[in-house]
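Chemist: Generate coordinates for the entire structure from the input sequences, incorporating the hints supplied.
First to last, the sequence lines map onto chains A and B. Residue 1 is where the first sequence starts when you use the working numbering, and the numbers rise one by one after that. Residue 1 is where the second sequence starts when you use the working numbering, and the numbers rise one by one after that.
Simulated from the structure, these hints should not be mistaken for laboratory data. None of the values given here were measured: they were computed from a predicted structure. For glycine and all other residues, C-beta sits at the position ideal for the given N, C-alpha and C. Every clue listed holds true.
With the C-beta cut set under 7 angstroms, the calculated list includes, among others, these residues of chain A facing chain B:
#1 N33
#2 S194
#3 L195
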Amino acid sequence: MSNLRIMVACKRVVDYAVKIRVNAAGTAVETANVKHSMNPFDEIGAEQAIQIKEALAKANGKAEVIAISCGPAKAQETLRTALAMGADKAIHVESNEELQPLAVAKLLKAVIDKEKPDMVILGKQAIDDDSNQTGQMLAGLLNWPQATFASKVELSEKAMTVTREVDGGVETIKTALPAILTTDLRLNTPRYASLPNIMKAKKKPLTKYTVADLGVDIKPRLETLKIAEPAKRQGGKIVESVDDLIDKLKNEAKVL
Amino acid sequence: MALFLNTAARRMPARLGRAASAVSSQIRHFSSPIDPSIGLTDDQKELQSLARTFADNEFAPKMQEWDDKQFFPDDVLRKGAELGFGGLYTREDVGGSGLGRLETSVIFEALSTGCVSTTAYISIHNMCGWMIDTYGSEEQRQKYLPSLTSMEKFASYCLTEPGAGSDAAVLSTTAVKKGSHYVLNGSKAFISGGGSSDVYVVMARTGGPGPKGISCFIVEKGFKGLSFGKKENKLGWNSQETRAVIMEDCEVPVENLVGAEGQGFSIAMKGLNGGRVNIGSCSLGAAQASIEAALEHVKVRKQFNRPLSAFQNTQFKLADMATSLASSRLMIRQAAMMLDQNHPDVASFCAMAKLHSTDACFQICDDSLQLHGGYGYLKDYKVNVYLRDARVHRILEGTNEVMRMVASRALLAE
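Modeler: Rendered as structure tokens:
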């Protein structure tokens, strides 16, 4: 594997530590004046790509890591984070419209047709909408094999062996490249970008496309009817007897 | 239930990833009046965000344990050095990060929200590296700085003596040139990192009395005649050792003289200008974290059937604390920028910034403790550590009384 090109999708989302709020109209989560950062699963994806690059460099191979993000101008901050971690270049597909998973998958496909990566890594889902669709849809559009929910990845000549977290335990599969990989939490622990690398990140190349440049139809297919906060948690109750408890579980909680 | 837990574990992991943050979500909201990123450039915000994340993950969960056990976290320091914290304003050819003093201040402030004591030590280590980088020879830079910026080796700064504290220019440690060596005699008091550090930047007298007779030397642990006093037991700053550094016919090679003979006091004072901004920055972090802790507490704690935050006393107190933090931060950042500009009035502005910020931020820690009530006095809560750690900032790097001397001297100069 002499020269591997890895593309990593990096979505800008509301930071995981922010206490999210639903807007007054009940149509979306409040995003104004809220800290954003890279989707943590995408951060794991970026780390994986950089680890593959470093491992190849030790074996006299080469890899190029291309970070890509679709969204408003601020998505460039997320790309800069990926560049500071160690990505070589970045691509920003600018759009201020709502981008649903299918639209993102189509945009990614359009860029992939130009860049021809050997491997595309995405987070298994983004922590804002939890769709868990983009990677799979992209694999379908490209007609590439996919290895989702990866907890371990090993590369060999033009193929990868992936350990996946599935409901019953772990599953190991092998797939030829090019392929789609989506990351699960236990794949790795992302590094901190160092101070000098943060400063150098802004000198790395960043290419910009518009949706029109790529000729992709991003019209939403799904309509969000309502967004609501979870019901407030009720205080506990002390029951008199076991019979009382069983009665409440049966008739109030309706779990028995 | 099992099913529910399973689903939760699958949907929540990212939020728990990377060592769940111990910090409140308060500061995550950009609109807060205590947001330390207001006014910074995008680049500065990036550096700040890295430092705060590092502090949240690597310092904050351990701060109380380090304080309690008086533990020097050398492994965590080295981890930070991999990211560039070991030589923030040291040049890049020797492994430094090559940042300005304003960026450095922002980083120290963010780091100290997680542990003031550990960050303060990092700031002293940085100051020593900067002295060698700025005033040392090329040989000294290449010999010492790569292992200092990586924090493979640690450095301490030795100016204060038992008989020369505020009046530093009367220091009595002597250095007499004998052939290829200087022979140093005397002792240095209250040395942060004393005993655990590998490199000591020492001020000693090569000439006559007064500031012009002082020179600066690099002394290595292991040099003949260098020893250390007992480990001091302190109110705060417990994650770093403090000892006396004793030199008895200590032989230092002539090539370890930094700058020229007689230049030492000027190096020491230039270092202290920056040191004062660094220490003030550490106070800002203590105050920031104390306000965050107070905000968390007053929303949860109820008395008279209302959360403390519903009482006007609490509200006004919090507003005063935020105002005081904002004014301290402005003064520190202005002084930091003046260091970067090499402004002629830098000494008095660094002194005023240190005076104001270390007094005001200590008061903020105390106010936070008061808002915590009895809980604030318990070591289970963090605010007592911020209070004890920040207390010493009013004493060291020149006491706040000396800061008044520096400022008034500049005011009355003709």
